[in-house]
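A.B. asks: Given chain V's structure and the hints, the job is docking chains B and R onto it.
Protein sequences, first through last, are from chains V, B and R.
Quick note, the first sequence lines up with residues 1 to 305 if you use the UniProt record's numbering.
Quick note, the second sequence lines up with residues 1 to 518 if you use the UniProt record's numbering.
Quick note, the third sequence lines up with residues 1 to 355 if you use the UniProt record's numbering.
FYI, nobody ran anything at the bench for these hints, they're computed from the structure.
Where a beta carbon is used, it is the ideal one built from N, C-alpha and C, also for glycine.
Be a bit skeptical, because a hint or two may be false.
[Said to hold, decoys possible] If you want the footprint, here are the derived chain V segments under chain R, 3+ residues with CB under 8 Å: (1) 42-52; (2) 97-107; (3) 220-228; (4) 272-278.
[What the hints assert, rightly or not] Once the Cα atoms are required to be at most 30 Å apart in a straight line, the calculated DSSO-like pairs of lysine-lysine come out as: (5) B:Lys212 to B:Lys225; (6) V:Lys235 to B:Lys127; (7) R:Lys232 to B:Lys402; (8) B:Lys402 to B:Lys225; (9) B:Lys396 to R:Lys232; (10) R:Lys272 to R:Lys174; (11) R:Lys272 to R:Lys232.
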Amino acid sequence: MGVTEAILLTVITAATPLLIAALGELVVEKAGVLNLGIEGMMAVGAACGFAAATLSGSSLVGVGAAVLAGLALSAVFALLVLGLATNQVASGLALTIMGLGLSGLIGAGFVGTNRDAIPPVYIPGLTDLPGVGRLLFGESPFVYVSLALALGILWFLGRSRAGLTLRSIGENHVSGHALGLPVLRVRLYAILFGGACAGLAGAYLSLVYTPFWSPGMTAGRGWIALALVVFASWKPLRVLFGAYLFGGATVLQLHLQAASIGFPSQALSAFPYVATILALVVMSVGERKATGAPGSLGAPFVPDR
Amino acid sequence: MTREEAGGSPAGDAPLVALRGIVKRFGDLTANDHVDLDVRPGEIHALLGENGAGKSTLVKILFGLLQPNEGEIIWQGRRVTLDNPEDAADLGIGMVFQHFSLFENLTVAENIAVALPRGESLRDLDKRIAEVGARYGLALDPGRPVWTLSAGERQRIEIVRALLREPRLLILDEPTSVLTPQEADTLFVTLDRLAAGGCGLLYITHRLEEVKRLCQRATVMRAGKVVAACDPRVESVSRLASLMVGSEVVEVRPAPAHAAGPVRFELRDLSLAPTEAHGIPLAGVSLAVRGGEIVGIAGVAGNGQSELFAAMSGEVEAETQEAVRIDGQPVGRMGIDRRRRRNAAFVPEERNGHAAAPRFTLSENIVLSLHATSGVARRGLVNGAMARQLAAAVIKAFDVRKGGADPMAGTLSGGNLQKFVVGREILREPGVLVVNQPTWGVDAGAAATIRQALIDLAARGAAVVVISQDLDEIFAIADRIAVIHDGRLSAAHPAREIGREQIGLLMAGSGEGHAHAA
Amino acid sequence: MRLELVPRRDVPAAARILAPVAALVASILIGGVVIALMGRSPAAALDVYFIQPLTEGWALQEIAVKATPLLLIAIGLSFCFRANLWNIGAEGQFVMGALVGSILPLVTAGTDAGPWVLPAALLMGALGGLLYALIPALLRVAFGVSEILTSLMLVYVADLTLDYLVRGPWRDPKGFNFPQTVNFDAMLPYLAEGGRLHAGLLFGPIAVLVAWFVVQRTLFGFGVRVSGESPKAARFAGFNPDRLVVAAFCISGAMAGLAGIVEVTGQIGQLKPGISVGYGFTAITVAFLGRLHPVGMLFGALVVALTVIGGESAQIALKLPLDLTRTFQGILLMCVLAADALVSYRVRVVTTARA
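If we strip away everything but chain V, and leave its shape as in the complex, we get (with noise of 0.2 Å):
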C-alpha cells in the first residue's frame, strides 16, 4: 500500500463519522430546525452500539442499537421543540448535556472492555489492486453508507417532492402552515432522521474508529458536525467537501504530533477547534448575507389557532 493510499484512507477514517452527523443535521435545519443534541445523541449513540455489540456479540445489534438510541434521544428533542414550542437552542443544549451524562451510565460497565472493530470491506480482486484497491473497494462499510447518504439527500433535497416541502417549510413556516404542508410533521420526521444520523456517527466512533469505548470519545465532534453544515452552506456536497477536508486537517495534525517537532502537543490538539471557528470566520466574510441559511432556522412555530 502507497503513502498516499494510506493518508488518504485515514483522513475518510477520521471524516466519516463527521459527514454522517453533519449529514443528518444539515436535514434538520433545512427543515427549519437547530438541534445543538448532536454531541449528545452522538455520544449515547457510541455507548448503546458498543454495549449492544459486546451484549449481544453482533456488531450489526450495535449499529441498531446506536441508531435507535439516536432516534429516542431525538424524539424526546422533537417532543420538547415541537410540541411545546420551547427554544431550540437551549433544549439542544439540554440534550448534549442529558447525553453526555447517559453515555457515562451506559458506557461505565463497559471500560475497558475491547471487541474486535467491524472489519471494512473485502472483495477479493478489486481491494487487491494496487494503488487504489483499499481506497475504492476496501473501506468501512460505513464509508459506503455515507456516500450514499451524501447523494441520497442531494437527490432528495434538490429533486424529490417531499424534499421540496421540507426545503419550504425550513424556508418559510408560516406560509408553509397557510398552504397546508404539514410543518410539524415534516420536522419530527427531519429531526428523528438527524437523530439517527447522530447515532450512526457514535456507532462508527465506538466500533469502528477504536476497538473499545471511552468516556467523552466524541471530543466535540458533534459541534464540529453542526459547524460542517454552517461552513457547507446548507448544501450536501459541499458537507461531503467539508468533513474530508476537516479530516485531511485533523490527519495532518496527527502526523505533525506524532514527528514531535517541538511544536506543544496541545496546540496542535486544539487545531480542528481553532480551524473551525478560522473556517466560519471565511464563510461569513465570504458570503456575507447570502449564506443560504433555511430562512425559519431556529424559530420555534407555534401555528395560529
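C.D. replies: Using the frame of chain V, we list chains B and R on its own:
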C-alpha cells in the same frame, strides 16, 4: 356583462357553497357570530367589512385553516367538514392570501409545485404555468427566485398556484392592497374571465369602488355578524360605507388655513445600500418638507418604504451628514436618539415588535422611544413612576382602551395600540414626524383619530411625512404627494393637482422622470 | 393526534414562580426512574442526593461553596440569554479567568508581595474571562459568525491551554512531575475559623443585588431586555445592537472569569487540569431554573449545588456514577423548558376525527 352568457341569471343558480350559522370564538372574543353566506357559480361575491369585522376568520374557516365552534359548511348541497386546507383544495376551493404564502429563496416553479396535490406530476409544470398564464394574462418566468419579483408578480404566483388546481371557488383576500391601480385593472380582467368560465369568486375587501365595479352581490360584516346582503351595483358608495362602519363615516376635518413655514425636514440625494437580505437600495432620494404640511409617500409595498423610513429615522445612518437635515441641521450620520433630541419623532410600520415590544408594559414602551428626550431615563436610570405618568397621559389624550392598570402592549387591540404608539410621539409636540403606514389594519374609528391628530400636528407647525400604501388615506390628509418605486422617490406634487391615474403610473415606475431636487 | 398550543393571555405571577419547582419535582421523578432502571433503589438515592446533605453542617457549607461559581456564571449568562445571545462557552471563560487570574499569585508565590496581590488577581481573573468572551462577541459583530459554535469551540481551546501550562511552563518543579502549579499564597480568607466558607462567597449575594438593579432599574438593563424580546424595537429605541452584544458578552465573560479565579483562590489553591467540573455548562441549567431572575438564580444555584454534593456522596455511599448527576442536570433543564412552555401555552390534544 360576460357572465350573463355563462348561463342565465346568477340569482337562479344553486349555491356552490353555503355557510350556515358559523360561530368562531377565540377565548371571550366571538370573531364570527352566526354568519350565513353563500356563493354561486359564476358570480363575484364581495365580502365587505372593516378590519376586525371577522372576514379573515370566516375565510380561514372556509379554507380549512380554522374549525368553527358551531355551524355548517354545505358544498354543492352536501355538508362537509374541512379539517385542513388540503380538504378544501380537494373540494375545489382555492385561496389567494393577502399576505402571500411564498418562499423568497425558492423559484417561481418551486413555489407553485409545493402547493400542488401530492402525486401530481411536476414534469410539464413549466408548460402548464405558461398555459394558464396565457389564458388569464398572468405572465411568469418559472425559473426566477421569488425575492427578485414585484408584489404584482408575486400575486400572480398565488393566483396561478390556485388556478392550476382548477378551483370551483376562488377566495381572494384584499388582492388589490399591494397593486397599483393599473395592476388592479389587469387583475379585474382576469377575475371577470374566471367568473365567465363558471368559477365562483369570493372577493374580500374594504374598498367599495372595486366592489361596485366588479361584484354582483355583497355580504357586509360588522363586529363578527352579517349586517347586510345587497346588490352593490345599485347601492351608493356612502350607503355601503355606512353599512360597513355602522354609523355615518367619520371624515377628517381639514386643517384651518395656515401658511407653510420654512423647510424643517429634508433629504438630499440620499442613497443607501440595504442592510437586510433582499432589501431595496435607496437611490438619490430627495425631499423637502415644510413646517405645517403633510407630505404623503405613496407606493406599492416592498418598494423601499421600510428602508426609507429607517434612513429618515436614523435606525440606519446615511453615508453623509448632509443627506438628512432636521431644521436645517445636517443629521445624516446621527442615530435615531440624536435625531429625536433635535425634536424629530418617528412611528414605524409594525406596531408589535417594532414600534412597541409586545411583552413589555405600556409604561415600559414609553421608555422605549422617549428615554432620550423626556426625563424617563436620567443618568442611565429608568424612572418608572414618570413613565407611568406619561403612559397615562397618552392613554387619556388618545382614548386608548385597555385592560388593567399597565397591561402588556401585545394585549391591546390593533387600533388601540396604534393610537398609543402614534400618540406617544405626538404628545411630545415634535417639529418633524415621520409615520410609516399610520392606520394599516386598524378600525375606522382609530384611523380617523390618528389621521385627525396628524392633520392637527401639522397645523401647529410641524413637518409631517406619511408613508402609506393606502391612496385614499394619502388623498385624505396629504398636502403634497410623492411616490416611491424601486427605491427611488418622485417629486412631490400638490395633492390637488395630481390624479390617481398619474400616481398609479408613478407607482408602477413609469410616468415622469424621477426628481433630483424637490 | 397532535398537540395544539394555545397561548395563555394572562399568566399569574405565581404560576411563573411555581413552574421551576414543578420542573424540579418532575425531573426528580424521571431521575428516580433512571435509577430504578439501573437496578438501584430510587428511595435510597433520593435520600442521599437531596435529604442527607441538608442535614449535615459540612454539607450545607459545601453547597454554598459549590453554588457560588454556579451563581456567578449564571448571573453573567442571564445577560446574554435575556438579549437572546447564546454564550455557551462560559466553561472556557471560567478556565481563562482562573488562568489569567493566577498569573500574579504564581509570580508572587513565595515572596512577601503583600495584600494587593489577591484583589489584583481577582480583577485579572474577571478581565481574562471578559477578554476571552470578547472573541465570539467580536466575531459575531464584525463578521456575523454565530456565537453559539465559536464560544463552544473556545472551551476546548481554553482547556488545552490550561493543560499545556500546568504540564509545561507553569508546572511546580517540586511537584513530583504532577501536572499542577505551586500552591498560592494569595488566598481568599475563610469567613469563619475552621469552616469551608471563604470570602469569595460574598460575591454571590452582591452579584444578585447588582444584577437585579441593573436589569430592573437601568436603561442598559432595559436595552438588554428589549433586544432579546424584539430586536427591531431595540433598534427603534436607539440601542446599538453591536454594543449590546459586546456588553452582554463582556459581563458574562467577566462573571465567569471571576468565578474561575474565586474557585482557584478560594478553594483549590493552585492550577491543575480539571479545576472546573463543568460549572460553565451546569450554570446554563441554573440560569434557566432561576428563570434568568437574579433571586431565582440564587435558589437555582443552591438546588443544583445540592445535586452536585448529593452526587458526590452517592458515588461514595451507593457507588452511583457521577454521570448520573450530569444526566439529571440535562433532564432538569428539559423539564424547566417544558414547564415554562406549559405556563405560557395551554396544550390541547387534538384528535382529528374525520366525519
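A.B. asks: Decide, hint by hint, whether the structure agrees.
C.D. replies: Hints, verified against the model:
| no. | hint | verdict |
| --- | --- | --- |
| 1 | 42-52 | violated (count 0) |
| 2 | 97-107 | holds (count 9) |
| 3 | 220-228 | holds (count 4) |
| 4 | 272-278 | holds (count 4) |
| 5 | B:Lys212 to B:Lys225 | holds (22 Å) |
| 6 | V:Lys235 to B:Lys127 | holds (29 Å) |
| 7 | R:Lys232 to B:Lys402 | holds (24 Å) |
| 8 | B:Lys402 to B:Lys225 | holds (23 Å) |
| 9 | B:Lys396 to R:Lys232 | holds (27 Å) |
| 10 | R:Lys272 to R:Lys174 | holds (14 Å) |
| 11 | R:Lys272 to R:Lys232 | violated (46 Å) |
Figure legend: structure checked against the earlier numbered hints; hints not met, in rising order: 1 and 11.
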